[in-house]
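Work out the full structure: start from the sequences and follow the hints.
Residue numbers (the numbering used here), protein chains in the order written: chain A, -7 to 341; chain B, 14 to 359.
Please note that the accuracy of each hint is not assured.
Now the stretches of chain B that chain A is said to cover, found in silico as 3 or more residues with beta-carbon under 8 Å [what the hints assert, rightly or not]: (1) 98 to 112; (2) 132 to 146; (3) 216 to 224; (4) 321 to 328; (5) 346 to 357.
Cut-off 27 Å, straight-line C-alpha distance, at most; resulting in silico cross-link-like pairs (DSS-like, lysine-lysine) [said to hold, decoys possible]: (6) B:Lys320 <-> A:Lys114; (7) B:Lys320 <-> A:Lys293; (8) B:Lys320 <-> B:Lys331; (9) B:Lys331 <-> B:Lys79; (10) A:Lys301 <-> B:Lys320; (11) A:Lys254 <-> A:Lys301; (12) B:Lys50 <-> B:Lys320; (13) B:Lys331 <-> A:Lys254; (14) A:Lys293 <-> A:Lys114.
Covered, in the sense of this in silico footprint (three residues per stretch, anywhere, with C-beta under 8 Å from a C-beta of chain A), are these stretches of chain B [stated by the list, open to error]: (15) 21 to 29; (16) 167 to 177; (17) 194 to 204.
Note that these hints are calculated values from the structure, not bench results. Note that the Cβ used here is the ideal one computed from N, Cα and C, for glycine as well.
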Amino acid sequence: MPAGTRPRRRRAGLKSHQTSFSWGRHRVLVAALLAFGFGLSGVSGVVAYFLPAISAALHSTGQATQGGSKNHPQASPSATPAPASNQPFNVMLLGSDNDSKFPPSGVLTQTMILVRINPQTKSVVMFSIPRDLWVPIGDGGSSAKIDAAYLDGGAAEAIATVQNDFNVTVNYWVWIGLGGLVQVVNDVHEVNIVAQMPILDDEYPYDISGTDPYNQARVAILPGPQRVAGVAALEYARSRHGDVLSDLARSQKQQQLLLDIKASANDVGLADVPTIAGSLGNAVKTDMSITQVASLLPLAKAVSDGSVKQVIMLGDPYFTSDPDLNGQSVLLPNWTAIHGLVSQYFPTS
Amino acid sequence: MRRLLPIAAALALMAVFGFAIYSVLGTLKSNKHHSQKPTQIQALIDLPGTVDVVQNGDIYSLSNLKFTQLKAPAYDWVQVEPAPGGDILAVAYNAMYSDVYLLNAQGQVVRLMLSESSSQYFNNHWAYYPRVSPNGNTLFYVQDYFPPGGAYNVNFQVRAVPFSDPTANPVVWSEPGLYYQGGDVEPIPLSNGGIIYAKYSVDTSGGPTDGDTYARLVYVSSPYATPDYLTTEAQDCAEPALSPNGTEIAMVCSDNSLQTSTLQVASWNGTTLGTPVTISSGPLPASPTWSPDGKSVLYLNTLLTDKSSPFQLWWVPKATTKKPGAPQQVTADLNFTATSPPIWAS
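This is the structure we're talking about:
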């Protein structure tokens, strides 16, 4: 072996080793960059997919419960703080006719349903409050129909009214408008309802589409089981003219529709959330956080029909009608009877 | 430039990967309740004869496991009913009113039977449940009844016109007894000249059942005759279907339950019903119809384990025996209109 070749070879070997080492580091670096790039790309895909849901959820959930009202600026601020984990809690469902007849900040609550959810027993109680009930508004303010509380001071006033008048705790609230209900039903791919009687309403408000919100529509819903999309579901839950029980029958239908929506929503998965959240937009608001809403989803699936108690006050002994109190047709409460009923289903401890 | 090529390729692949993730997530959406057009699937059971049924406003005919769509005008069709000569009656729904048409077996319009539209808002009407008498001479139907002085008080009532002259003044067969109760629906013309129909009522007694809504089957022998109640408030039965020989009635009863109902069959001797036998329990059976031989019942129902699913065709063999057969699912992945009973012809 000629002298001098060794160092060359050594040098060559060294260079080769250095090149190999450098190339190895280079490969690792490239692989890491590629992995990071693909990871980032995948995360971007996930984020892009769920972005509408995240955006809508941030917008709709965790709403501040506006404190006070025009007439009662010191009214109780909001729903009671969250209960301990796994303890029963109460949610106030508020529904408004928020069509273009009214400014967004000037709507009544046509629907008020107090819901008690017991995570331990996986049971639910739904208690409808008649919108025409004549009650002290807010913290013992002047009396009015209870549906005016939300108009007077938003969710805070509505909750303060319910808490003070019914001796019940409200932990959270959820508000939904007309369009929100339509969207929810469409997003769960329609619902099956069972119309307990033919529903005929020649003067149903034609106010969620068209140009004149004061127009009327003719509605005919045949009796029996049937599958309906959002608009028909709204007509079913909202129509009251063709029923001798008027608002009270409407309360029954609204509770039933909630159960029907829950049944259809059982098949909704995580991948459906962006579509649903995106379509709801401003149509739903709640003071619950995103995580609290998310924690309710599996619980909702776990509650069976037989574990749901529907409570509706149908007149005597809970209230009497006064067709002309200050020019209004109202329901005068019998608080003794009402408090007895409420304490039965919504115990304070 | 050549050194940039792999980088560009890698970036492109990353973009494709991100989009793929986005797309894959989209495919994970719930499609459990997405339905297909009947013409895209085959029935699960080969029923003899032909069955006409309605989905999403279109009329389909099922024969030899396959559905074909009738060539009816592009109306929103509901409620098909058999008519003399192999024709069918069908209700065309409009946002303000509903008309009744006579169609041939292919779906082409033979004639407009009941025209209920008007330029005057309150003169528009709903016509539903068209049924032809056994002798083919009379067309029974229900129309919204708008009594004077009660703008909100609208109820269905049963009426009848000559089949050959449906523009004649209708004969009123039922008077909705209680205001705002929804009215009288689902007339079944009988060979003796009377009819059976479902009368809806609301309990306003002030008692424990105050506010409950229920349906009862009613028999009347002639217009204005005193109704005979065939079922009770507690049974809460509606949607009657008379067997071809006129001796059995299939009906849907809920026992005042909001959650579930049952399909029952009871014997009928012309004046009274026998003890009903349940042939299908829950979740939401609807719109029964009899097979041409009168031995089995076809109806609509959700999946037995999922009451939120769309309505499919179901079939109960040996429906008139003491031990009826188990309900059998005839279709899957469809979404039939549950308020439109199917027609089953031989």
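Problem - Violations among the numbered hints, reported as their numbers in ascending order - result: Number 13 - this is the single hint that the structure violates.
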